[in-house]
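Visitor: Build out the structure end to end from the sequences listed, making use of the hints.
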Amino acid sequence: MIDLIHTYWLYFLVGQYPNGPLGGLALTVLLAALALLLALPIGLVLGLARVSPFRAIRWPVTALVHVVRGIPLLMVIFWAYFFLPSVTGHQTGQFSTMLMALVVFDGVYLAEIVRAGIRGVPRGQFEAARTLGLGYGRAMQRVILPQALRSMLPSLVNQFVSTIKETSLGYIIGLTEVSFIAAQINTQVFTHATQVYLLLALTYFVLCFGLSRIAHLLERRLARRAPTRVARPSVVVPLANESNA
Amino acid sequence: MPRFDLALLLHGQYHDWLVTGLLVSLKLAAVVFVFALPLAIVIALLRLAPLRALRALGVAYVEGIRNVPLLAHLLFWYFGAPELLPDGVKERLYAGNFEFLAGAIALTLYTAAYMAEDIRSGIRAIPLVQFEAGRALGFGFLATMRRIVLPQALRITVPPLISQTLNLWKDTSIATVIGVAEMMYQAARVESASFRSAEAFAFATAAYLTVSLAITGLAAWYHHRFPVRTV
Numbered sequence: 001m002i003d004l005i006h007t008y009w010l011y012f013l014v015g016q017y018p019n020g021p022l023g024g025l026a027l028t029v030l031l032a033a034l035a036l037l038l039a040l041p042i043g044l045v046l047g048l049a050r051v052s053p054f055r056a057i058r059w060p061v062t063a064l065v066h067v068v069r070g071i072p073l074l075m076v077i078f079w080a081y082f083f084l085p086s087v088t089g090h091q092t093g094q095f096s097t098m099l100m101a102l103v104v105f106d107g108v109y110l111a112e113i114v115r116a117g118i119r120g121v122p123r124g125q126f127e128a129a130r131t132l133g134l135g136y137g138r139a140m141q142r143v144i145l146p147q148a149l150r151s152m153l154p155s156l157v158n159q160f161v162s163t164i165k166e167t168s169l170g171y172i173i174g175l176t177e178v179s180f181i182a183a184q185i186n187t188q189v190f191t192h193a194t195q196v197y198l199l200l201a202l203t204y205f206v207l208c209f210g211l212s213r214i215a216h217l218l219e220r221r222l223a224r225r226a227p228t229r230v231a232r233p234s235v236v237v238p239l240a241n242e243s244n245a
Numbered sequence: 246m247p248r249f250d251l252a253l254l255l256h257g258q259y260h261d262w263l264v265t266g267l268l269v270s271l272k273l274a275a276v277v278f279v280f281a282l283p284l285a286i287v288i289a290l291l292r293l294a295p296l297r298a299l300r301a302l303g304v305a306y307v308e309g310i311r312n313v314p315l316l317a318h319l320l321f322w323y324f325g326a327p328e329l330l331p332d333g334v335k336e337r338l339y340a341g342n343f344e345f346l347a348g349a350i351a352l353t354l355y356t357a358a359y360m361a362e363d364i365r366s367g368i369r370a371i372p373l374v375q376f377e378a379g380r381a382l383g384f385g386f387l388a389t390m391r392r393i394v395l396p397q398a399l400r401i402t403v404p405p406l407i408s409q410t411l412n413l414w415k416d417t418s419i420a421t422v423i424g425v426a427e428m429m430y431q432a433a434r435v436e437s438a439s440f441r442s443a444e445a446f447a448f449a450t451a452a453y454l455t456v457s458l459a460i461t462g463l464a465a466w467y468h469h470r471f472p473v474r475t476v
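Which chain is which? The protein sequence lines are A and B, in order. Counting from 1, one number per residue, gives the positions in the first sequence under the working numbering. Counting from 246, one number per residue, gives the positions in the second sequence under the working numbering.
Certain hints may be false.
Stated by the list, open to error - With a cut-off of at most 25 Å between alpha-carbon atoms, the simulated SDA-like pairs for lysine to any residue come out as follows:
(1) B:K335 x A:T187
(2) B:K335 x A:H192
(3) B:K335 x A:L222
To be verified - Pair by pair, the computed Cβ-Cβ distance ranges are:
(4) B:T265 x A:R142: 55 to 61 Å
(5) B:F440 x A:V29: 50 to 56 Å
(6) A:F190 x B:F384: 28 to 34 Å
(7) A:T7 x B:E377: 56 to 62 Å
(8) B:T265 x A:V67: 22 to 28 Å
(9) A:G20 x B:G333: 37 to 43 Å
(10) A:L217 x B:A298: 23 to 29 Å
(11) B:E377 x A:S96: 56 to 62 Å
(12) B:L387 x A:V45: 46 to 52 Å
(13) A:R150 x B:N342: 31 to 37 Å
(14) A:P85 x B:G424: 24 to 30 Å
(15) A:L4 x B:G424: 24 to 30 Å
(16) B:L268 x A:R142: 51 to 57 Å
(17) B:L338 x A:L4: 34 to 40 Å
Note that these hints are calculated values from the structure, not bench results. From a predicted model like this one, the values you see are computed outputs, not experimental measurements. A virtual CB, placed ideally from N, CA and C, is assigned to each residue, including glycine.
Guide: Right, dumping it as structure tokens:
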């Protein structure tokens with residue numbers, strides 16, 4: 001296993017870069033970060049539309065959310081892969097295809113996080129803002145969203161973890177992210193499939209587990225100083241005194 | 246782009262391929278569900294067990310599985326794990342329908358980790374005094390769980406379990422990477438044989454969506470029929 005790491009670590013981390021396109025773990029992280037970043041504004045707009053008082057806005061977006069959440073990400077990728085070229089008029093690479101699919105998919109999932117965040121702010125906050133003379137948009141922008149976004153932070157980090165896991169599907173369309181590179185290494189070495197794929201799993205684990213720990217820390221910090229949070233009903237009682245894992 | 250050809254989907258060879266794919270997907274989801282649920286209950290109980298070592302085992306399982314993408318699990322079970330077996334067994338495996346088996350194993354282990362977390366939070370929502378009363382009446386740990394805590398936890402646990410089943414249904418699509426001939430695989434096959442992308446993908450999308458909406462409907466019905474009782 002040491003030999004394997006010694007020979008292939010650079011290929012595993014960055015693919016053929018700098019002699020070829022960037023790949024490997026670096027591409028995985030870059031793709032996930034870019035996708036989440038681009039999906040944020042979409043998620044915000046869709047999330048606001050989901051709580052909009054106007055049916056004409058709320059219903060189509062609700063339908064869109066249900067459709068996208070009802071199909072696998074792979075389906076979205078396939079649609080993107082075969083129909084982006086006919087929409088844009090020129091051949092799109094695997095990276096932009098995967099990015100588009102992830103942005104759409106994540107945007108919809110973020111919309112639900114945004115919606116839950118807005119719903120989590122006590123209704124009195126909105127009513128108070130309106131009573132003070134702020135319009136709907138103003139009340140959202142100045143009063144509700146700042147509180148909602150703060151409580152969404154842990155969910156956002158968790159969504160980043162999900163996105164990293166989702167980028168592995170790039171393997172199927174031949175994007176040279178870390179799973180694809182692992183498969184390539186496997187065909188080159190040929191006799192150490194178990195080790196190659198265990199290393200791949202371990203890599204994902206370190207990355208995702210580390211990030212989810214950060215989300216957990218954020219959650220605890222937010223819980224400690226949450227001024228507007230109303231007391232939760234006390235039905236949730238830990239059964240065994242375990243550490244918060 | 247050529248006109249959308251609905252007839253292609255209603256009969257003929259391509260229709261048969263697609264329907265076979267849908268059936269394989271459903272079968273895979275059903276098999277995984279049947280094995281994942283008991284496994285999830287065991288893991289959830291491990292995570293709540295009175296012994297620290299058992300709890301650590303449960304945590305290790307859940308975190309270890311959930312932080313690795315399903316695709317890596319599938320690749321491991323299909324390409325990696327057989328490497329550990331003797332050659333004769335390996336050849337027999339690959340000669341048979343090993344894709345389905347590997348896919349089912351990976352999906353079962355993966356889904357069980359998520360379901361275990363739902364079951365655990367359902368159990369934890371039951372007040373501690375219920376558990377203590379059971380123990381005080383002379384029930385053991387397992388008997389208290391089975392007779393007192395689990396029946397109450399069921400109402401709270403079923404809705405998230407249903408949505409986990411929805412995730413399972415969508416996750417079966419990823420089994421296409423190791424060549425399980427499920428919906429996605431057949432859609433891609435029809436696409437490359439006929440260049441009818443729109444038709445093939447429309448069929449697959451409709452199939453996934455129909456089952457997903459049915460599962461969502463089930464969740465809504467359950468929520469309405471068995472609302473959570475507040476203690």
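Visitor: So, for every hint listed, does it hold in this structure?
Guide: Going through the hints against the structure:
no.: 1; hint: B:K335 x A:T187; in the structure: 18 Å, holds
no.: 2; hint: B:K335 x A:H192; in the structure: 15 Å, holds
no.: 3; hint: B:K335 x A:L222; in the structure: 52 Å, violated
no.: 4; hint: B:T265 x A:R142: 55 to 61 Å; in the structure: 57 Å, holds
no.: 5; hint: B:F440 x A:V29: 50 to 56 Å; in the structure: 36 Å, violated
no.: 6; hint: A:F190 x B:F384: 28 to 34 Å; in the structure: 56 Å, violated
no.: 7; hint: A:T7 x B:E377: 56 to 62 Å; in the structure: 58 Å, holds
no.: 8; hint: B:T265 x A:V67: 22 to 28 Å; in the structure: 25 Å, holds
no.: 9; hint: A:G20 x B:G333: 37 to 43 Å; in the structure: 41 Å, holds
no.: 10; hint: A:L217 x B:A298: 23 to 29 Å; in the structure: 26 Å, holds
no.: 11; hint: B:E377 x A:S96: 56 to 62 Å; in the structure: 58 Å, holds
no.: 12; hint: B:L387 x A:V45: 46 to 52 Å; in the structure: 50 Å, holds
no.: 13; hint: A:R150 x B:N342: 31 to 37 Å; in the structure: 51 Å, violated
no.: 14; hint: A:P85 x B:G424: 24 to 30 Å; in the structure: 26 Å, holds
no.: 15; hint: A:L4 x B:G424: 24 to 30 Å; in the structure: 25 Å, holds
no.: 16; hint: B:L268 x A:R142: 51 to 57 Å; in the structure: 54 Å, holds
no.: 17; hint: B:L338 x A:L4: 34 to 40 Å; in the structure: 24 Å, violated
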